[in-house]
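Numbered continuously in our numbering, the sequence shown closes out at residue 228.
Hints were generated in silico from the structure; no laboratory data involved. Accuracy of the hints is not assured; some may be wrong.
[To be verified] Listed next, the in silico BS3-like pairs over lysine-lysine satisfying Cα-Cα at most 27 Å (straight line): (1) Lys189 - Lys109; (2) Lys220 - Lys198; (3) Lys86 - Lys201; (4) Lys86 - Lys220; (5) Lys60 - Lys109; (6) Lys189 - Lys108; (7) Lys60 - Lys183; (8) Lys86 - Lys108; (9) Lys108 - Lys60; (10) Lys109 - Lys86; (11) Lys86 - Lys189; (12) Lys189 - Lys220; (13) Lys189 - Lys201; (14) Lys198 - Lys86; (15) Lys201 - Lys60; (16) Lys109 - Lys183.
[Said to hold, decoys possible] Computed beta-carbon distance windows for the label pairs: (17) Cys179 - Glu228: 19 to 27 Å; (18) Gln211 - Gln47: 26 to 34 Å; (19) Lys189 - Pro151: 29 to 37 Å; (20) Val200 - Pro151: 16 to 24 Å; (21) Gly107 - Ser221: 21 to 29 Å.
Even for Gly, the Cβ is constructed at its ideal location relative to N, Cα and C.
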Amino acid sequence: MSKSKKQVTNEKRARRLGSGEGIAPARPKGGGIPAWAWLVSGSVLIAAVVIAVVLITRGGGNSGGQNAACVQQRLSTQKLDPASEPTWPANYDNLQCALTALGLKPSAETQSAVHYHVHLTIYVDGKKIVVPDNIGLAAAGGMSSTATSEIHTHDRNTDPVPGILHIESPNPGFQGTLLEFFDVWGVQATPQCLGGYCDRVKIWINGKPDADGLNTKLVKHDVVTMVVGQPPAGFTPDKSFAFPNGE
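Given only the sequences and the hints, what does the whole structure look like? Please build it.
Here it is as structure tokens:
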């Protein structure tokens, strides 16, 4: 081979080796995971996290919280009969299960770290609805159960005027909500419905419209007015209430 041809051959060989041409491709190290597999697994993980967050914030589906079966199944969605049933009666069915799901721990008054009172007035289609006695107090309501709610009402021997909500808790930081109260009472309460009346639920606290509505944390001596449908003639929300001495 002439010197010039040999030089041309060496240059071609150098170019092939330098660029990688003609060299067998290396095997992927460690088996490798395709990019699409990482994308799919990442999407699944994100979806699982989202579902977990939803379940936690909503009370764990049917196992606990406001969405628990034993809470939802006892909520009345009925309309009232002014003659035979002018208000929804306190519901004691499965009360202990509901209280457990809602996390409302019983508390003897003498052992309460928190004990305060709120007044509630309800109007449905222009008529005032009386808040029943002994909501959340099964024994006081004549039941054999000892279930007791941190949010409850008493009878006229304790409170001469109906509508006073008692919040009594062993937890110093506890604050009840209207939604919890209606869950204990056994009446459906949503931003749109109260019982079987679905014409928007409007709420005032101390005479002012309340944006958080059913989820507002109630504080001592709050005066709450709820209206479903048309308010009564000359309606003005309650701004104050004369709580009995000591309350």
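Looking back at the hints listed earlier, which ones does the structure fail to meet? 4, 8, 10, 11, 15 and 17
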